[in-house]
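Student: Sequence:
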Amino acid sequence: MRREPRIIPIGPGQLARTVAMHRRCSPQTLWSRYHRAMADPRTYVPTLLSRPGSVHLAALGATGRIVAVGHLMPDHTAAEAALLVEDSWQGRGLGTRLLQHLGEHARAGGWTTLYGLFLAGDERIDAMLRHAPVPVQRTEEGGAVTARVRVHDLTAHASVSRQ
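Just remember that the working numbering sits 17 ahead of the position in the sequence shown, which is counted from 1.
The set of hints was computed from the structure by calculation and includes no laboratory data.
Positions of the beta carbon are idealized from the N, C-alpha and C atoms, including for glycine.
Any given hint could turn out to be false.
Stated by the list, open to error - Pair by pair, the computed Cβ-Cβ distance ranges are:
#1 R20 x T129: 31 to 41 angstroms
#2 R167 x A33: 30 to 40 angstroms
#3 R147 x H52: 32 to 42 angstroms
#4 R167 x A144: 29 to 39 angstroms
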């Protein structure tokens, strides 16, 4: 029987495992997440994992290896959600699960809006958003798309899905 990946909170103590997951991602996957070519993950992941007020989650495969990460980074008026799923784990719903967990953290933190940024023309993210079970508002500016959802909608859908 195959176990679903377990979602856990992570922080700077899981730096090596998080860097290793980044290294297993293709340049295309990293480009989709960071919107530019990225240097050695040891140069940027420590700052990401230690950002004050942020929530960081990981999906652990059966062996305990991190196979996906999600970050909730409070902004002035909303909270940004960012996801990275290792190539071999894409298309299995991990990004959706992480987003639902991040939505719960956003609700607990009092945020009403969750947003994410992606590049116009990113067909994988665009397809995922078209199939989202909650209303998604999109705005495009300068080749970047901002997708926004109401935290209430996201967490209400997650509650119904778990029943």
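Student: Each hint: holds or not?
Tutor: Here is how each hint holds up against the structure:
1. Against the hinted window of 31 to 41 angstroms, the Cβ-Cβ separation of R20 and T129 comes to about 34 angstroms, which satisfies the hint.
2. Separated by about 36 angstroms at the C-beta atoms, R167 and A33 satisfy the suggested range of 30 to 40 angstroms.
3. Checked against the hint of 32 to 42 angstroms, the C-beta distance between R147 and H52 comes to roughly 20 angstroms, which is inconsistent with it.
4. Taking 29 to 39 angstroms as the suggested C-beta distance range, the pair R167 and A144 does not conform, at roughly 21 angstroms.
Checked against the numbered hints given earlier, this structure breaks hints 3, 4; the rest are met.
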